[in-house]
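Trainee: Given next are the chains, with one letter for each unit.
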Amino acid sequence: VKRFAVPAAIVVALAFLPKLTVDIPYLFQESLNTPGTLELLALCLLFGGLALSYDLLFGFTGLLSFGHALYFAVGVYVAAIAMTSWHWSFWQSVLFTALVGFLLAVVLGAVSLRVSGIAFAMVTLAFAQAGSILALKDPYGWTGGEEGFGVDYHKLPAWTVGILNTKHLYWIALAYAAAVFAIVRFAINSSPGHVWQAIRENELRVQVLGLKPYSYKLMSFVLASLLATAGGVVYLLLVGGASTEVTTASFTLTLLLMVVIGGTGSRWGAMIGGILYTYANQRLSDLSSSHAVSQLPSILRTPLQQPLFILGVLFILVVFFVPGGLTRIGQVGLRLDRILRRPATREETA
Amino acid sequence: MSTFLLLTITGLGLGAMYFLIASGLSLIYGLMGVLNFAHGVFITVTGYTLWFTESKLGGVPVLPRFLIAALVGLVVGTVFAALVELVLIRPLYGRHIEQVLVTVGVALAVTALVTAIWGSDARVVAAPAWVGDTTTIFGAHIPNDRWLEIAAAAVVLFALEAFLRRTRYGLIVRAGVENRSMVTALGIDVRRSFTLVFAIGGLAAGIAAVLYTLYSTTVDPQQGTSLVIFAFIVVVIGGLGSIRGTAWAAVIVGLVQQYANYYASSGLGDLSVVLLLGIVLIARPSGLSRSFA
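Chains A and P supply the protein sequences, listed in that same order.
Residue 9 is where the first sequence starts when you use my numbering, and the numbers rise one by one after that.
Residue 362 is where the second sequence starts when you use my numbering, and the numbers rise one by one after that.
No lab work stands behind these hints, which were simulated from the structure alone.
Zero decoy hints are in this set.
Which bits of chain P does chain A cover? Going by a derived footprint, with three or more residues having C-beta under 8 Å, they are:
1) 450 to 463
2) 475 to 487
3) 584 to 597
A few chain P positions that, by computed beta-carbon distances, are all more than 12 Å from chain A:
4) P425
5) I498
6) A520
Just so it is clear, CB atoms sit at the ideal spot from N, CA and C, and this is done for glycine as well.
With the rest of the complex left out, here is chain P (with noise of 0.2 Å):
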């Protein structure tokens, strides 16, 4: 039992991490029609800033260290974001391919740049104390990472709901994921928000590159590669542009990887995941938000 227990909340850890990543993959796409290959390079730009942050920071204590160094992380994430998206996403709007297509050059050359700057070893993040520990739930003793990520999620899903159903700038970005032409004519430059979201984007995405190294206590330069892969099924999953779809598939994926890498054998659960893929595309092509909007 308590092995269970702690499958499932490491697993929702997992898939809250999913979550913030595929989030903004989805607004990305949902609003712009653009799949964002990017995105993991917002997840290395703030987990690199992080580290490097640290490293200047050598007499402070850690836990402050740590908060500064992931504030400022954060802050670079969420700027290199919305510059790519400025700089160049925006002179090719309505050609999507060719706007996938400088997403991958952007992923690859800024992937290489970081490996050549520090190389490709993992660098060691000094993380608080507190995070490595366990909290003990009914016998079974829970990282307290994972409270971390769940908590992350929770309050990153509540605000985008908030964002998008409360707010004017929510409303455009909702009538641009249901109709953009629509909004266009109704004299509103829906553009705007594009970088709007690309930020948002870009900020989830860090927020989950602060929590991974709290994870892993490292920062290597193809982890956030590894991680998008995840997203990008997630996002399909839960339907293209749905953001309360990509939460219940974040969650489903999270879970069945960690169950199926225990019960099964170590590996299988990112394999099964992949099978998952191909049985909600076979049933319902156009992902599960239909079910769950």
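Same shape as in the complex, but just chain A (with noise of 0.2 Å):
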């Protein structure tokens, strides 16, 4: 019981956030229950939750994958163009989205998995930059190409839209983190989630217990590419359009990012990364334009004005001295030791 009153009375605690008034400073600029501050948490959230579908590729079954943004970008992309260009309903759309994001990740998974390893990470990247080209290409005018377009909110749900309903945003987002949470919770526990874990250990041995990985690693792959794809339809509620930022490989990276900050497979590691992540590039990015700052040596402001400067050195940071990421910093002395004493790894010995 008490492994599930955890998450569960945080999700509740974290639903009553937009009754609360309170004004926490330096951490968030206004109240907590006002529009600006309930945006930054929604993208916190759909961000942690992104990220730890992330991780159930990266961390849980070892797949590294620099495609993943593809299908974000299908959830964003694919259920604003039904909306906006073939005029369809908000559920259509929605239902549809989904089947796209499942077939393209059977397809694709398919292909891919065919090579393992760092073969494996460059195709995902490719197929996700052909992704990328075609939103670029704008073929039939429906991407809006690299501007992007707005989705037609006539569409979504009235409930959504408008700087008045942003509360209901928030408990969407949160809805998304914790059913992400809850699903790869629960798909890791299962008897395939085991085989995962036993495939990013050491996938020969799976092969030699009589056990295809071959397929374990695809439903692995489809699963994370579909809640992906949720991620994406919840963003295009969030931010009301598609713009071809999702579709980048950076976009990936900073999956990557997120994930290896918070702590590679784990649950709370990763969507803590997500949301650390999403919360600091946001707050950075207002504290680069803040007073404070500019009355810096430009030495020091220059690289302050790019997040991904900062972030990019903490992930170098974490790599070296906190493998286990930021939720696992209590190993960080021994990790020290480890590195001053330097001795000849496994692979080099063997």
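Combine the two chains into a complex, taking the hints into account.
Mentor: What follows is the structure, given as structure tokens:
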């Protein structure tokens, strides 16, 4: 019972946030119930869930994909195109988007999983790049090319449109994060989930035991992709439009940053990584335009203007010194010790 | 006919550029098992050093100014690549995923830093006038920079082959690609050649950067990343760790991209390259290298 009580309690507590008028200085610019703060929190929760869906591949199955953005972008673009260019109703569009996301993940997953390791990473990158080019190319005037386009908001449910309804969007994002958490938890404790983790540890051994890693990896790939597609639809509701930025390789790389900074192969780690990253990215942008920073000498001010520089450096530091991610920071001392003594690694003594 | 010739030479020029970038990636991967995401940053570093040096040499005529700037750019790019290996990759030997992650971090952080310092807009580089002219062959007007690209790639291919086949270090690198543990067991510190391979990769990518600035006459923070994605595709099609396979794949990808962009529709060339990758993977998951090596 206790295992379910903690996440449930956190979800309930977070659900009451929009009712609070508390002002948290430094952390947020405005009080908690204002639309600005709620939108920031909603984005954080969305990316927390999305990072966890990526960790299902990377942390739990050991598949390094550089194409996760493609399935997220399918959620954003297909739903938005169906509503705006084809004038479908909201639920029709969502169902169709889920179908497209599922089929695409099955087909592309089946092809890319023919290779493994780094080749798999490059192939997924290439497919995602194809999606990115397609979105840029603006076929039939659907995607709006480089600028993207705004969704036809008449088609969205009325209670999600408008600044006064931001709290509803926040709840949708919270529901998404909670659902991803619950699904991932269920999946990795199921019997295929155990096989995924065994594949991550030693794929050859799984094969020797008489199981086919290919179909299990495909299962994990499709589930993670579907969760990302769902995240794309939530993103569309939050942002109200589609832009090419969500299709790029850099977008997948930021997911990788989130997962590694938070901690791979751990549900809380990936989720907290996603939340922290999104929060830091938004707040550092605000900070760089603030008065305090503009007073700094230019050698300090210039790097601060690009949150990605700070987050990239933080990421490198985490890889070096906190290999389990920030949520396992307790093991840092042990790790430093190992780096200083620098023993021959398993692979090189082999 | 003249259009076809123009497309072929341009495609070969593009392939030459891909080869220059992909050869380093392929060697690094073959020897060290590292997918080097920071390779695009090597291009950015050389390109921006070239632009910066050129902007500081105000009174000098264009040709010597460009040559000096290109030389400085190549040196800085090569040293940067070697430093990335020494400082960031070396402490993580044997942990491939962590090494890949660090190169991802370098790629994002350096691109962001360059954007912060010089902005995201393209900066104009003055190129010698001859490069922008065309040479007429069989009625086709071919821009001169294409010849430079093809010649540079041919020289690099020849030099790399000579290095790998004729020198002692090349022998160690080839043996290391084949079986690293065995080389170590024979008492050779194969890790010393890792820095060398990174420096070679950085130099080849730098040459690609110089040629690219000749072609586009601009530098911008994102151009390295976009070139490297196609170089990744070339590496996979060519078969990881094989220089000849990479050369063939680069030519095929460059030509397919040019032909499809012209005869089908613009933008389709990029998609057909991805399609080509899919076909190669289904037919021959380990890449083309076995058939060419």
